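Please arrange chain B on chain A, whose structure you already have, making use of the hints.
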Amino acid sequence: MESTIVKAINYNAYFGDNHVCKNVNIEIPRNTTIAVMGPSGCGKTTFLRGINRMHELIPNATAKGQIMLNNEDVMEMHPIFVRLKIGMVFQRPNPFPNLSIYDNVIAGYKLNGIKLPKAEKDKIVEESLTRVALWKEVKDSLTKKGSFLSGGQQQRLCIARAVAMEPEVLLFDEPTSALDPISTSTVEELFHELKKNYTLIIVTHNMQQAARVSDKTAFFYMGELVEYDDTKQMFTNPSDIRTQNYITGRFS
Amino acid sequence: MSSTIDNNLITRPEQNLGRVISSITAPVSKVTTTKRLKRSYRHIRAENVFRRTLVIVGLATIVLVLGILLTLVVQSMLSIKASGLSYVWGHVWDPVRDIFGAYPFMLGTLLTSFLALIISIPFSFAVGVFLGEYHPQGWFSNLLKNTVELIAAVPSVIYGFWGLAVLVPIVRSFESKIGVDPVGLGIFTSSLILAIMIIPYAASLGRSMIQMVPSNLKEAAYSLGATRWEVIRSVVFPYTRSGLFAGVLLSLGRALGETMAVTMVIGNTSLIPKSIFSPGNTMASVIANEFTEADHPVYLSALIELGLVLFVVTVIINMIGKRLIKGFTN
Numbered sequence: 001m002e003s004t005i006v007k008a009i010n011y012n013a014y015f016g017d018n019h020v021c022k023n024v025n026i027e028i029p030r031n032t033t034i035a036v037m038g039p040s041g042c043g044k045t046t047f048l049r050g051i052n053r054m055h056e057l058i059p060n061a062t063a064k065g066q067i068m069l070n071n072e073d074v075m076e077m078h079p080i081f082v083r084l085k086i087g088m089v090f091q092r093p094n095p096f097p098n099l100s101i102y103d104n105v106i107a108g109y110k111l112n113g114i115k116l117p118k119a120e121k122d123k124i125v126e127e128s129l130t131r132v133a134l135w136k137e138v139k140d141s142l143t144k145k146g147s148f149l150s151g152g153q154q155q156r157l158c159i160a161r162a163v164a165m166e167p168e169v170l171l172f173d174e175p176t177s178a179l180d181p182i183s184t185s186t187v188e189e190l191f192h193e194l195k196k197n198y199t200l201i202i203v204t205h206n207m208q209q210a211a212r213v214s215d216k217t218a219f220f221y222m223g224e225l226v227e228y229d230d231t232k233q234m235f236t237n238p239s240d241i242r243t244q245n246y247i248t249g250r251f252s
Numbered sequence: 001m002s003s004t005i006d007n008n009l010i011t012r013p014e015q016n017l018g019r020v021i022s023s024i025t026a027p028v029s030k031v032t033t034t035k036r037l038k039r040s041y042r043h044i045r046a047e048n049v050f051r052r053t054l055v056i057v058g059l060a061t062i063v064l065v066l067g068i069l070l071t072l073v074v075q076s077m078l079s080i081k082a083s084g085l086s087y088v089w090g091h092v093w094d095p096v097r098d099i100f101g102a103y104p105f106m107l108g109t110l111l112t113s114f115l116a117l118i119i120s121i122p123f124s125f126a127v128g129v130f131l132g133e134y135h136p137q138g139w140f141s142n143l144l145k146n147t148v149e150l151i152a153a154v155p156s157v158i159y160g161f162w163g164l165a166v167l168v169p170i171v172r173s174f175e176s177k178i179g180v181d182p183v184g185l186g187i188f189t190s191s192l193i194l195a196i197m198i199i200p201y202a203a204s205l206g207r208s209m210i211q212m213v214p215s216n217l218k219e220a221a222y223s224l225g226a227t228r229w230e231v232i233r234s235v236v237f238p239y240t241r242s243g244l245f246a247g248v249l250l251s252l253g254r255a256l257g258e259t260m261a262v263t264m265v266i267g268n269t270s271l272i273p274k275s276i277f278s279p280g281n282t283m284a285s286v287i288a289n290e291f292t293e294a295d296h297p298v299y300l301s302a303l304i305e306l307g308l309v310l311f312v313v314t315v316i317i318n319m320i321g322k323r324l325i326k327g328f329t330n
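Chains as they are written, first to last, in the numbering used here: chain A, 1 to 252; chain B, 1 to 330.
Here chain A stands alone, though its shape is the one from the complex (with noise of 0.2 Å):
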């Protein structure tokens, strides 16, 4: 198996006439957990939204270039089947109101159609919630409603929705930001984990947060992939003066 899971290569996206990404180039590569971080509209959502193709969701909104993941091109996939091969954690925690606790977890079979039996939705149930320290604390309330639960199990909840579809890259967009100090090390805690199974992209406004979850860090600003580095090298030894800049705070 290849060690190169998602690669961008030449990759630019537009806001209409609005130039967000210009030409990124990256490879991540398989289980390793990247954080990607820079100041506000420095493209880092954009680019991570442009790795599911939500990116294209927004009116108006246009992408160049390639983004191969397993060496093909997302560009050119269906995006139902890009968007079922990398899941995607959102900044707010939002499980289905409607739906409990059990019916959040396996939305995604029960929103693409497709039929379980009962026993095995059960153990793709109790799997995914153990794999994001759930299971214990809702194993007696399933049928409640996931809007119950506090934020911080919420935000777990919908890691766990995206788990469930077994993807091979999970994104997360500023997952702990919405979230209180004790849920955010909670959160940070499940990333270890989750890297053994699956490649985590992290989009994060917090530079701490970066240095603590990840293996390698992706440095973004004014829509330029500016340096791209194992984390603590980038920490103690930038190579571009802008991030140097960023990480001792002179800008953010």
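For the record, the hints were derived by calculation from the structure and aren't laboratory data.
Treat the numbers as computed from the prediction; the structure is a model and nothing was measured.
C-beta atoms are modelled at their ideal positions from N, C-alpha and C, and glycine is treated no differently.
If a hint is listed, it holds; no wrong ones were tucked in.
Under 10 Å between C-beta atoms, here's a sample of chain A residues computed to sit facing chain B: (1) N52; (2) M54; (3) I80; (4) P95; (5) F96; (6) R161.
Taking lysine to aspartate or glutamate and the DMTMM-like style, the derived pairs with C-alpha atoms no more than 25 Å apart in a straight line are: (7) K136(A) / E126(A); (8) K85(A) / E72(A); (9) K136(A) / E189(A); (10) K145(A) / E230(B); (11) K115(A) / E127(A); (12) K121(A) / E219(B); (13) K218(B) / E174(A); (14) K144(A) / E230(B); (15) K218(B) / D103(A); (16) K218(B) / E56(A); (17) K145(A) / E166(A); (18) K195(A) / E27(A); (19) K145(A) / E127(A); (20) K118(A) / E230(B); (21) K85(A) / E126(A); (22) K115(A) / E230(B); (23) K110(A) / E219(B); (24) K118(A) / D140(A); (25) K7(A) / E219(B); (26) K110(A) / E133(B); (27) K145(A) / D122(A); (28) K144(A) / E219(B); (29) K85(A) / E174(A); (30) K7(A) / D73(A); (31) K64(A) / E219(B); (32) K218(B) / E166(A); (33) K218(B) / E168(A); (34) K110(A) / E230(B); (35) K218(B) / E76(A); (36) K145(A) / E219(B); (37) K115(A) / E219(B); (38) K195(A) / E219(B); (39) K121(A) / E230(B); (40) K85(A) / E230(B).
Below, chain B without anything else, positioned relative to chain A:
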């Protein structure tokens, strides 16, 4: 000392305004302060007059509607006493013999309205989903939106004309093909006209409800590999269910009361309709048709009682609809 000033300020604000202003803007000449005082005093009086006018006009509106209801009740008393409950289920409407059974018209109203709802729902939902979710912007969407709104603005007598000139011949030839009496006028034709007329109500409410679905829920579904239709079915519809239902109810309220266009194409007979292709009458069309012919008090009162029934039914349906919308937007 200071407390008395404060009390004065609260109880007699006009008189102390000068002091308040001068205490806020300390170094002003006496002349400007007096000028300001006069100006502010005038403004306070104007504000009071304005507020009272609003209250009076608002009250007048409520009184008017209650007055209409009261008039209907008072004027129907004669008929209510004469016919009693047989008014509701009596199958014969014969003004000459003073027999007033409104059942055929209630049936006619229900048939035309529900048939119209069934025909119009696919169109109004399609328009609502298209404008709310698929293409909220663009020239075609604007054209569609404006056209649908125009449907509500066209006077109903024009629909009646169009129905007579275009729909009736089409329905007539259709009826002769399927082997029923080729009248052309009737319940079915009225329902078709009504269906067109009520599209805007459910469509525009549906559109605004669908646009209110939080985008993060839709994105969650898209990120799990859902297609657009799956997102609409599993996220948009469950989330907007009560709002969409309210739109349907408001359309129903409109259909129940629609008079002119229906009167022109329904065929105007007091017999109980045998099928949806029979001619008939609705409560509204009977009132419009026979009001000028009502030559004795009981007849007139019977027609007004029809109006009362229609009034109460549409008010209830509108109230349920509004309640649902309110529950949804909260």
